[in-house]
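Undergrad: Spelled out from the first residue to the last, the chains are:
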Amino acid sequence: MNEPIGARVRPGWGRGASGTRVGALVLAGLLVRAAYPGAVDNARQIVEEAQRRAEATSQRYEGLLEVLDAKGRISAKRWTLERLGSHGRSRMVLRFTAPAEVKGVALLVVNHPDRASDQWMWTPAIERDRRIALQDRSTRFFGTDFSFEDLEERDVGQYEYSMLGDEAVDGVLCWKIASVPTRRKSSQYTRAVIWIRQDNYTLARIENYRKDEVVRRLTYSDVRNVQGIWTARRLEMSDLGRGSRTRMTLEKLQYNLPMKDEDFTLPSLRRP
Amino acid sequence: MTRIPGPRVDWACAFAVFLFVGLPVSVQAQAISYRGFVELKSVLFPQDVPNDTQNVVAETLARGEAFIRPAPWVLVAAGVDLRFNTHDQVGGTWRPDIGGRRALRPPVSVRRLSATMHRGPVTVDVGRQFIRWGKTDIVSPTDRFAPRDLLNVLDGEFLAVNGGRALVALGSETIDVVWVPYFTPSRTPLLNQRWTVVPPSIADRFVDTGASIPGGSQTGLRWGHTGSGYEYSVCFFRGFNHLPNVDTGFRLEGSALSLVPGGLAGTSIDIIRTYPSLTMVGGDGAVPTRWFTLKGEVGYFTSSASGTEEYVQYVVQLERQSGEWLFVGGYAGDFVTAKGYSLSFAPDRGSARALVARASYTIDANRSAALETAVRQDGRGMYAKGEYSQAHGPHWRATMSASLLRGEPDDFLGQYRLNSHLAAALRYSF
Numbered sequence: 441m442n443e444p445i446g447a448r449v450r451p452g453w454g455r456g457a458s459g460t461r462v463g464a465l466v467l468a469g470l471l472v473r474a475a476y477p478g479a480v481d482n483a484r485q486i487v488e489e490a491q492r493r494a495e496a497t498s499q500r501y502e503g504l505l506e507v508l509d510a511k512g513r514i515s516a517k518r519w520t521l522e523r524l525g526s527h528g529r530s531r532m533v534l535r536f537t538a539p540a541e542v543k544g545v546a547l548l549v550v551n552h553p554d555r556a557s558d559q560w561m562w563t564p565a566i567e568r569d570r571r572i573a574l575q576d577r578s579t580r581f582f583g584t585d586f587s588f589e590d591l592e593e594r595d596v597g598q599y600e601y602s603m604l605g606d607e608a609v610d611g612v613l614c615w616k617i618a619s620v621p622t623r624r625k626s627s628q629y630t631r632a633v634i635w636i637r638q639d640n641y642t643l644a645r646i647e648n649y650r651k652d653e654v655v656r657r658l659t660y661s662d663v664r665n666v667q668g669i670w671t672a673r674r675l676e677m678s679d680l681g682r683g684s685r686t687r688m689t690l691e692k693l694q695y696n697l698p699m700k701d702e703d704f705t706l707p708s709l710r711r712p
Numbered sequence: 008m009t010r011i012p013g014p015r016v017d018w019a020c021a022f023a024v025f026l027f028v029g030l031p032v033s034v035q036a037q038a039i040s041y042r043g044f045v046e047l048k049s050v051l052f053p054q055d056v057p058n059d060t061q062n063v064v065a066e067t068l069a070r071g072e073a074f075i076r077p078a079p080w081v082l083v084a085a086g087v088d089l090r091f092n093t094h095d096q097v098g099g100t101w102r103p104d105i106g107g108r109r110a111l112r113p114p115v116s117v118r119r120l121s122a123t124m125h126r127g128p129v130t131v132d133v134g135r136q137f138i139r140w141g142k143t144d145i146v147s148p149t150d151r152f153a154p155r156d157l158l159n160v161l162d163g164e165f166l167a168v169n170g171g172r173a174l175v176a177l178g179s180e181t182i183d184v185v186w187v188p189y190f191t192p193s194r195t196p197l198l199n200q201r202w203t204v205v206p207p208s209i210a211d212r213f214v215d216t217g218a219s220i221p222g223g224s225q226t227g228l229r230w231g232h233t234g235s236g237y238e239y240s241v242c243f244f245r246g247f248n249h250l251p252n253v254d255t256g257f258r259l260e261g262s263a264l265s266l267v268p269g270g271l272a273g274t275s276i277d278i279i280r281t282y283p284s285l286t287m288v289g290g291d292g293a294v295p296t297r298w299f300t301l302k303g304e305v306g307y308f309t310s311s312a313s314g315t316e317e318y319v320q321y322v323v324q325l326e327r328q329s330g331e332w333l334f335v336g337g338y339a340g341d342f343v344t345a346k347g348y349s350l351s352f353a354p355d356r357g358s359a360r361a362l363v364a365r366a367s368y369t370i371d372a373n374r375s376a377a378l379e380t381a382v383r384q385d386g387r388g389m390y391a392k393g394e395y396s397q398a399h400g401p402h403w404r405a406t407m408s409a410s411l412l413r414g415e416p417d418d419f420l421g422q423y424r425l426n427s428h429l430a431a432a433l434r435y436s437f
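Same order as they appear, the protein sequences are chains U and X. Under the numbering used here, the residues of the first sequence are numbered 441 to 712, in order. Under the numbering used here, the residues of the second sequence are numbered 8 to 437, in order.
FYI, nobody ran anything at the bench for these hints, they're computed from the structure.
Listed next, the stretches of chain X that the computed footprint assigns to chain U, with coverage defined by at least 3 CB atoms under 8 Å from CB atoms of chain U:
1) 123-130
2) 172-185
3) 290-297
4) 326-332
As the structure is a computational prediction, the values presented were derived from the model and not from experiment. All residues carry an ideal CB built from backbone N, CA and C; glycine is no exception.
Chain X with its partners taken away, still in its complex shape (with noise of 0.2 Å):
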């Protein structure tokens, strides 16, 4: 396994200890303010796959975070994420995980710890933070600093990143310049679990050897206008694709390669994550009107690392609030500029050419449900979502929901339709 190195927690620690104490200003000054969750949550899945015959997964989630305001003009930000799985998805030391490049999600986590300094039009974020960029909700093209926890492809949980980011606002221009000096990845699906799709034949032949982390930095520049009724942005962004390209090789074990029809005994097959450079120039608008808010997204992507394709994505998306209901549909579309022979993980593009529709409705003030769907426009693949939530009193709220997965095995959402579950989940929020 490659070995990733990882910030060193002894700097973070230190770094908080600066922000939260080194500061020259009074207690009585500050202004603390705290929130948080523990979750318990449960799926059941009642199809066995090849490579994985669990059928029930638990996890547990404790998240706090704390905001500190030491002066007016700075915002301290921290956070800790505690977890724990009952299918080997949080693994590794206890030492609190920062880079957030780990292929198992840690046990503990700094999921942000930041210091937001603000004076007059300018604001700079500096530390590990979140950075989104885009307004489309379906698939996000230009949303290029926001790799995604994706142990449960459907089920993606943001990462946080490291870096610097310096936002001017002047009246109705915003200015956007980001750093990131430290490449954090999406996390994958782990190879012997039920997101890694596999051939029955060969599930046991392969062997995750880790990822190839890129060293250097990306940086990205976003101008955003908002208008009298419409608001728009364009941006840059040059750096790495968080979700990888995967790079496969052969290796005998033992004496010799059995070339039995079928078989490739004595085979393993090596699995290395690999994450290309990209090259992104793209934007997106919203212009709400009398009958639906229209949102759109378009991003082209380059690589100057071979084999790796380069393409357009788009996003056109409506929404309108009738009542206690909100509808959300659009469709996202991608069309290739030159064409790639690297493997990749790309659930971002996985979900394109495809209708995707949410409906939502706020039952009273504890309770709401939800449906989405989305359905690949050559009928190949589908999935749909249904949910229902409702809260007790002011701290706990359960969920429930109910995922549909069908298709082809060629398509990336019919991959999965062995994946179908039900999920339900417990929250005690503070």
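Chain U on its own, in the form it takes in the complex (with noise of 0.2 Å):
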């Protein structure tokens, strides 16, 4: 389990893989192994070691959305998510338990490796499910501050990263890289800073730029150990323009659970 991360990391490790993506991830959730820190200051291979710990054959939880405005008025959202498969060929379904107005609600994520993910809504109320035009991933997420672009799971290769140095990030230190999108990928952000935790390789903030503009920011706590998987349980998005903030909990989480192809299909999107 906790193995030394040169045994794993070597030069160009990952590099050019399509299919690998980085797990700075939300719905599919930061799954990140512990291990002794290393002397490695390669920063892909911070990232791509990061993804690797993450890995997990399925997973499981039910998540519990706040989203706080610029007020303090809190609305709260309850679902259930399911995901087989690994990073970039992932199949994921999301079902609203709450409140009461969305239970019932499902969503079918398809990941793949080299485009955009398909998703499809399940809605009882009209009792179909239809393709989610999704031409603007900058789009909140129900209306939350995670956009859609914040909620999928990354192409470590769609992304050039460059070691900024070290840096506490609640006391725990953290090497600091920068984030920028390559060419072939269309991003809402222009760049993105991320804090990874030397002790277990789990995230520890996410900060996206539009220009020099730090327009969102992500925070992880509440890192414990599941299964042997390092997991941030709770992450809070501001969104700085609006002043508003989402705090997402990660509760009854499970990793590497049986799970059917079957069960991730549009027609079981439609069985509760």
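Take the two lone chains, each set in its own frame, and fit them into one complex as the hints suggest.
TA: Written as structure tokens, this is what we have:
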């Protein structure tokens, strides 16, 4: 489990593999295993190692989303999420369980390593699934401060990384890494700065920029070891322009559960 | 009034009992979920019409649905609607209605009662259920198992059908087989209310003599393919149109027909709804692109019923999400392949040959607004609706809307030009 990072990370590991994606995920969860910190200063290798340690064949959790607007008012949404498959080729089914008016709404996400994900939504009120138009991934996810792009699995190969140095976040030493989307990657953000903890390779913070301005900040906390995978169970996204923030809490998190392909299809969406 | 036979509620109750308790499983293994709401809604029609001078209509709908999974491979669903209405749109016995054939909304109706069995790639649904085909929203020509409650033409809610469905999903292919032995028609506007437009001089002469419900079954087959960045399906339907033809008959009342000019004194006009046979071959598709998502649907309709028009109906629809805006726009068209002479009530065709657009905006997690419009291509009819909705806490939502109808009397939309209205709804969800 906790093996020296040098045993796995080799120069060039993962380069050009479009199927590998970094675990800067929200809905998919940030799944990072513990390791002895090693003398690794290559930014891409660190990101790739963070992803490698996050790998799980499947995942299930119950999530709580709390949106706090600029006036401090809170609205909450709950859902269950099941994911099957590895990064870049995973399938996810998300089912809302609260508030009551969205109970039963379900989302199927089919990720592809080489293109944007396919998404369908099941709406009980009209008893129909429909493909979601997602030309603009900066759209907020159900009115929260997460955009659809924030929830995507990110392809390591579609970003350039550079080391900015070491910096502590909440008293924990982190690698501070700049991430810039490559030309072939369309993104609402011009760049991002990510902090990866040096003690367990989990993400600690992401700041997303448009030009030179930070527009969204994502912080990770309540990091625990779940079935051998270090996982941040609380994430908070701040929309600095709107002054609002959304807190996401992962509950009853489980990895590597037996799941079937047939439960990640369009027909399965209408089965609550 | 023609008596419309319905399936015996006793059998439905027995079926429900079997579904819920007859399966040999332990209570501990069951997973139960439920959802529902109570909604109070009020609609204000500022203008009078010849056959309806009630300007304010209030209604209540309480809906509860439960889902129980007695075993991992089976899901049982049951739902009930309770309704109240101040404009005589709800009526009849308090005995729960499971057939969906009544002209009025039943005070108590079984919204759904079905079992879904799932094994490997095969899913089988049996019972009262919703079956939706097609991909477009403006009009959906291939959505043949989806009758609607059209007492209010612009606000039609879908009705369930009683039947069986088998869905096989093999990789990117799906095969959908449907058999509906018990026909459920759409609920049509009442003759003495504003969504039935009649000439003022004879508005009081019409008599609803009921419906002639066909007794045969309906079948459907649909094959779908989800490819890399596109999806499509082709389908076949044989059964009956859930929207009726309208047959009329003249009947003398009293001694003789008065032949005074411009009058039908002493005569009543009997209206009976018939449901012509219908065969449909169609298809639909969706292609997401970088700029928008293109959706399309087409259906070719033929009928063996004499006098029934045969036609092709098609829809092209574009969708684009931009920030918090969602834009949907498109065109619904049709062309007749064989002319008919029967009168029909066909909102789906009445909405054709029109440009339709909808824009919705998500203000925040609790608030949204939308604007939609439909304009006939010849400009003879139009409809526009604006809506604002706001949630309060985890249970309450208030929605307000204003609908404007304009046009010529001989246009489907234009004929309702006196039915512009304001609506307010308050919903408590649980």
